[in-house]
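Visitor: Modelling step: build the complete structure from the supplied sequences, incorporating the hints.
Protein chains in written order, with this note's numbering: chain A, 1 to 101; chain B, 102 to 378.
Take the hints with a grain of salt, since some may be wrong.
Unchecked claim - If you anchor each label on the Cβ, the simulated ranges turn out as follows:
1. B/Glu375 / A/Arg14: 41 to 51 Å
2. A/Thr67 / B/Glu341: 53 to 63 Å
3. A/Arg14 / B/Asp192: 24 to 34 Å
For the record, the hints were derived by calculation from the structure and aren't laboratory data.
Heads up, the beta-carbon is just placed ideally off N, CA and C, and yes, glycines get one too.
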Amino acid sequence: VTRRIGPASVVGRRPGIHVVPIDREAVLLDEQNQKLHRLNETAHLVLDQLTGADSLGEIARRLAAATGASTRQVTADVMTLVQQLIEEGVVELVADESASS
Amino acid sequence: VPRITVGALGVAVDVHVEGSGEIFDALHRLLVDLEGTAPPNPPRGRITVEKVADGYCVTSQGRTTAPIQGWAAVADAVQRRLNRLVIYGSDHLVLHSAGVTSNGIGVLLPAASRSGKSTLAAALVRAGFDYLSDEAVGVGRSSVRLKPYPKPISLRPGSWGLFPGLIEHTSSESSGRESPALVPASSIRPDAVGGACQPSVIVLPSYAPDAQANLEALHRAEALMELTTHTVRFDEQPREALDLLADVVRRCECYRLTYSSLEEAVKCTHGVMETPA
Chain A
1 VTRRIGPASV VGRRPGIHVV PIDREAVLLD EQNQKLHRLN ETAHLVLDQL TGADSLGEIA
61 RRLAAATGAS TRQVTADVMT LVQQLIEEGV VELVADESAS S
Chain B
102 VPRITVGALG VAVDVHVEGS GEIFDALHRL LVDLEGTAPP NPPRGRITVE KVADGYCVTS
162 QGRTTAPIQG WAAVADAVQR RLNRLVIYGS DHLVLHSAGV TSNGIGVLLP AASRSGKSTL
222 AAALVRAGFD YLSDEAVGVG RSSVRLKPYP KPISLRPGSW GLFPGLIEHT SSESSGRESP
282 ALVPASSIRP DAVGGACQPS VIVLPSYAPD AQANLEALHR AEALMELTTH TVRFDEQPRE
342 ALDLLADVVR RCECYRLTYS SLEEAVKCTH GVMETPA
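Guide: What follows is the structure, given as structure tokens:
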């Protein structure tokens with residue numbers, strides 16, 4: 001069962017994911033599953049923020065402030081992207097602040 | 102037993118020829134671009150060509166072929182075994198790629214087997230580029246320089262018409278019309294073999310009948326993903342291989358080339374050399 005994420009979710013990179021930045025994009029090596037992923041500039045930017053420290057809502061607010069885009073739109077985009085990255089096994093849910101509060 | 106020592110990518114191979122001075126001389130002429138490049142104390146491989154009642158047997162790594170008839174088929178068998186010894190015996194990171202160089206600028210042309218990269222390499226050499234390989238190019242693990250494997254260029258019968266003078270000369274020695282013609286780059290131009298060089302351009306060539314020549318710039322990340330699929334034994338040390346490939350790609354301008362006309366493909370490659378990274 002895939003757990004849905006929300007703005008209170010905290011997500012971090014899974015162990016064994018090797019990130020190779022190239023220009024503003026990145027190529028990821030999933031050593032455990034022997035798979036390669038290509039991240040475009042936006043996905044790379046978001047992945048860099050997924051350190052397991054801040055919630056997705058905080059990350060989205062920060063990115064919105066940096067880019068001038070609306071927080072609502074950035075939050076939706078971040079959720080979609082992070083959900084994809086979870087399904088591909090690149091990142092994992094570390095904590096859900098809404099569940100603990 | 103008469104012996105020819107050849108080498109590339111840090112590997113030396115002794116080719117022994119038993120019972121046929123004619124085959125020895127022909128192999129000597131064929132492998133001329135690989136002679137004198139064997140490092141002094143490298144891992145050594147061995148290939149033996151032996152005359153038997155109904156042809157020639159070729160032995161390497163404990164395996165012996167059934168008798169082979171005809172010079173072209175013998176040459177092809179030797180070349181295949183040489184490829185295996187060099188490519189899989191090398192300590193370099195090895196790319197399944199053609200490669201050429203000009204004024205120290207290295208061009209990688211990675212592509213799958215039978216995709217036309219040998220034909221393109223031959224045309225580029227004829228146009229004045231120096232030859233690295235039509236099959237495998239090494240990458241120095243510390244230097245990040247491209248290392249040549251200047252094996253004879255392997256031209257399949259379908260491309261012979263594109264090189265009339267050259268193939269007439271080579272096929273006069275051939276009896277097996279099914280086998281590719283193997284052409285030393287130095288028979289195209291005497292000084293055609295290039296040396297180690299910096300990677301500067303990556304062109305992913307793709308032959309498509311009737312296509313207009315089209316050169317499309319690639320994101321380096323896309324080129325890196327492509328290079329991983331053309332890397333020998335990538336899965337054995339994927340992290341190290343990926344890091345080294347990224348070092349190569351960061352030094353390069355990257356393109357995808359679709360073509361049907363060899364002349365246009367050469368022109369496009371000349372064009373990208375004018376604006377390297």
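Visitor: Hint by hint, say whether it matches the structure.
Guide: Results of checking the hints against the structure:
1. B/Glu375 / A/Arg14: 41 to 51 Å: For arginine 14 of chain A against glutamate 375 of chain B, whose Cβ atoms are near 44 Å apart, the range 41 to 51 Å holds.
2. A/Thr67 / B/Glu341: 53 to 63 Å: Since the Cβ atoms of threonine 67 of chain A and glutamate 341 of chain B sit about 35 Å apart, the hinted range of 53 to 63 Å is violated.
3. A/Arg14 / B/Asp192: 24 to 34 Å: Taking Cβ atoms as reference, arginine 14 of chain A and aspartate 192 of chain B lie about 32 Å apart, which means the hint holds.
Hint compliance for this structure: hint 2 is the single one not met.
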